[in-house]
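Fit chain B to the supplied structure of chain A, relying on the hints for placement.
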Amino acid sequence: MSQAKALPTSRLKQLWLKWRFHLNILLILIPLGFMPKYFADARLFRGDAGLGANLISDIQVGPYSLDLAELRDEAPRADGPAGYFKSFNASLCKACIKDVKAAYLRIGKPRSLRAAGTLFFGAPYSMGTSLPIPPRTKPDAHIWITLEGWDGTLHQASIPLTKASPATVAWLEKQGENK
Amino acid sequence: MAEDRLMAQSPKISKSRLWFLVHSWLALPIWFFVLIVCFTGMLAVVSQEIVWLADPAVRANKPDADTERMSFQQVLEALNKAEPDMVVERLSQPDGSHFAVKANVTLPDGTSPTLYVNPYTGTIQGKTPDFNFEAFTRALHGWWLVPFTNGFSWGWYLVSLLGLPMLASLVTGLVVYKKFWKGFFKPVRTGHGSRIFWGDLHRLSGVWSIWFIAVISVTGTWFLIQAILSDNHITLSSRPNVPVIAREQVPQTPDGSPASRIDLDEAARLARQAIPGLEVSAISLPATAYSHVTLSGPGWYPLMFQSASVNPYTRNVDSQFLISDRSALEFVTESMRPLHTGDFGGLPIKLVWFFFGLILTLMVLSGLLIWTKRTAQATAAALKRTERAPRALRSETTVEAHT
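Chain order of the listed sequences is A and B. Okay, so the first sequence: first residue is 1 according to our numbering, each after it adds one. Okay, so the second sequence: first residue is 1 according to our numbering, each after it adds one.
Here chain A stands alone, though its shape is the one from the complex (with noise of 0.2 Å):
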């Protein structure tokens, strides 16, 4: 190996040399440091840490009631050309399980059944949801729930985003700046 000839000469080849073996190191820091983030998301997705950031408790829907939290409080996700998602929660008051058929979340009101937004997924003591959010949102937007009976009734209510999850309404305003 020509290493050895170069040895004396390079100083970026003596470093490499002299500190090659501490990527073992720098590599085993790196499982340590995320092994809290890790048993954080299990407990998460278990539901052992309740429905998620900024909960909103028991919101008035006609005659029924939930509660509404963001996955995570942190700004929108990219997902490719499809745009950006959040995440949100939420959990049916008992009593309505039984008479609630769906739910549905979207940004601003919906003027119809057919555009109530998206689905919640999942047992009704926690759905959750992935709402797209447009980067040209209004920070002072709403986010609007309905709920649709198994009779088909309907009935709707809206909390403010800043509510619901402040830092994507920190990524709006700041989308609004860049524009």
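Only true hints are included.
In silico DSBU-like pairs for lysine-lysine, Cα to Cα no more than 30 Å straight-line:
#, chain 1, residue 1, chain 2, residue 2
1, A, Lys-37, B, Lys-102
2, B, Lys-81, A, Lys-98
3, B, Lys-186, B, Lys-15
4, B, Lys-15, A, Lys-18
5, A, Lys-18, B, Lys-384
6, A, Lys-37, B, Lys-127
7, A, Lys-94, B, Lys-102
8, B, Lys-178, B, Lys-15
9, B, Lys-15, B, Lys-182
10, A, Lys-138, A, Lys-109
11, B, Lys-384, B, Lys-373
12, B, Lys-62, B, Lys-81
13, B, Lys-373, A, Lys-13
14, B, Lys-127, A, Lys-98
15, A, Lys-94, B, Lys-81
16, A, Lys-94, A, Lys-163
17, B, Lys-186, B, Lys-373
18, A, Lys-163, A, Lys-174
19, A, Lys-98, A, Lys-163
20, B, Lys-102, A, Lys-98
21, B, Lys-179, B, Lys-373
22, A, Lys-13, B, Lys-384
23, B, Lys-373, A, Lys-18
24, A, Lys-13, B, Lys-15
25, B, Lys-15, B, Lys-373
26, B, Lys-127, A, Lys-94
Please keep in mind that the hints were generated in silico from the structure rather than gathered at the bench.
Only chain B this time, still in chain A's reference frame:
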């Protein structure tokens, strides 16, 4: 040493020596990382079995010889009876009748444990502990615990990149091991010092592991390609995107009570009727009022699963994805994961994968031991020579004498 002197005289580095140096340097600066990735991979292959050994709740014990296994609907009914408020989301039978049925459920407090249910009695035997050994070993092995925030985690890239040096070490190893095909039954020499012992062991395990290293490194490299494709939003899959059930197909009820849906056994019967020979090892219950009952299970080709989505109101099989629906390319890409994990032929294959995983871990270790011993000797020799004649110093490692 004679060879070493020869090298020092020759101005050119011979080809095989170069190959040899490449081989010895491939894993070195990151050997501990490689070692742990191999070790956790070996554990991940049998993690399900380790949990089975450690936790009696995971076992499917038969109460007596006459008792038959329950159907999925019977298991569901037993669960609903035991915990009326609990919502069952998915039932699955792991590969192997000695495993309890797994039930993914959500409790009224919002927690979502996985329960182990006895397939003969329907009793809830336990739930996955907070420290999930299977998930943890897989996460450590698969993405070095680096979280997925935007597309694939960079830890995934870090680990899957190792497929390339691993493939290179296989190729260079075979190039420098002259007549390696004669090495399958060479005894390991003991009593000649540890350097010889580890060298013999490294070569012997190497030749027996050629196929395994090839499989693991090629499939590992596939994981790298998979991440690159996915992060660039390129898909090779012909899997249909099952849309939610059309609004008009989901009944409205005048009294406001939930519309009735077909039960799980009926869904399985309908699916088998539409797809002869469909085996059902897992059932996902509808996740919304507009969702299907999805059934899946192995097909004739053991490395791929088939699935069917049954409309619980119209009883129609709305969507299916069978082995015959796969493109030729998908046969290759979808086989990569089971080939990597050894999860396609029950316990015997898993044990083979575990054994060669152990050998591979030992090869990383023995490779390092050889390197340390040789380098220590070579450095000492080189230093001695430097004292005598500085110009003779040409390399810091000596060529291996036993190739």
